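Asks: Using the sequences plus the hints, can you model the full thing?
Sequences listed follow chains A and B, in order. Just so we're aligned, residue 371 is where the first sequence starts under the numbering used here, counting upward by one. Just so we're aligned, residue 87 is where the second sequence starts under the numbering used here, counting upward by one.
Just so you know, not all the hints are guaranteed correct.
Which chain A residues face chain B? A few, computed with CB under 7 angstroms, are given here [stated by the list, open to error]:
no.	residue
1	I387
2	S405
3	F408
4	F445
5	A454
6	R493
7	V498
8	Y511
9	T516
10	S531
11	L540
12	S545
Because the hints were derived from the structure by calculation, they are not lab data. Owing to the predicted nature of the structure, the values given are computational and were not obtained by experimental measurement. Note that the Cβ used here is the ideal one computed from N, Cα and C, for glycine as well.
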Amino acid sequence: MDLLAAFWPWYVTGPLIGLYVPILYLLMNRHFGISSSFRDICAAAFRPTARYFQYNWREHRWRIVFVAGIAIGGFLSHPTLMGAAQSEISQQTITALSSLGVRDFSSLVPGDLFSWSSFLTLRGLLLVVGGGFLVGFGTRYAEGCTSGHSIHGIATFQRASIIATICFFLGGLFSTYLLLPLIMQI
Amino acid sequence: MIYVIVLALGIFFGMILTNGEVISWFRIQEMFRFDSFHMYGVIGSAIVVGALSMLLLKKFNVRARTGGPIVIEKKSLGKGTVIGGILFGIGWALTGACPGPLYALAGNGYPSFAVALLSALGGAYVYGLVRDKLPQ
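Replies: What follows is the structure, given as structure tokens:
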């Protein structure tokens, strides 16, 4: 399985992701969008009383199956990749992150920021718990994420999705240039 | 049967995200620092392929397997698109992961991303609780 032991170039990865838009419509007449699964899982697991969760989540059970698959896929890819392939991150990014204090470039995520022990630090909590919370809260408030808006929404020429994607980016730039340097000093 | 297909599609999607380095915190940093074309290529080509295939389906009036004509999900535009979008962007750059990669990273065995995923579920839960008080 040489293919699974290598990193794929963007022109393989991108088109494969793009095909999920027509495939999900063809298969189930459903749209490609992953952050909706957060709502489905909350509704299914906790049965909250808030109005937002009063809908027929069973109709969207496929989405829970789909995201469970994503986790399994990540698990299957992982062992073949690590050690077998070398990620080629741009030197400028490595230099910039090094000057912020990132030390571990050996994996897909910096181990020094995202290890178990990082939870013992305020820095780790802000990155993992704070960042994760904003991903969940923000995508539901915006009614979509990179898949639902940036890919599915723009591919179907929707104005809201173009605006959402610009805002995703503005938030990301704010984090990258202002928040991350601050958090790294903690 | 459909769930078996959906599960297989999900598994393959997790592999695409991993092998394509979409789950890489460093690739996301690179993107926000405009240092590499990689993520722009991934998202851009995904949009082009998605758009072209949807146009083809429309042109040939292809129907969904479930019967009816394909109905495209409409995304509404509101204050949430902007405020929620910016909040998500902030979280995206901190964790280096949007929702799909969160699941893939948790599966990859990076322990902290299981926590980040739970926190994202918490974020969605809290959104559900305060939704009526937020500008829409």
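Asks: Let me make sure I understand: some of the numbered hints might not hold for this structure. Which ones are they, in numerical order?
Replies: 5, 6
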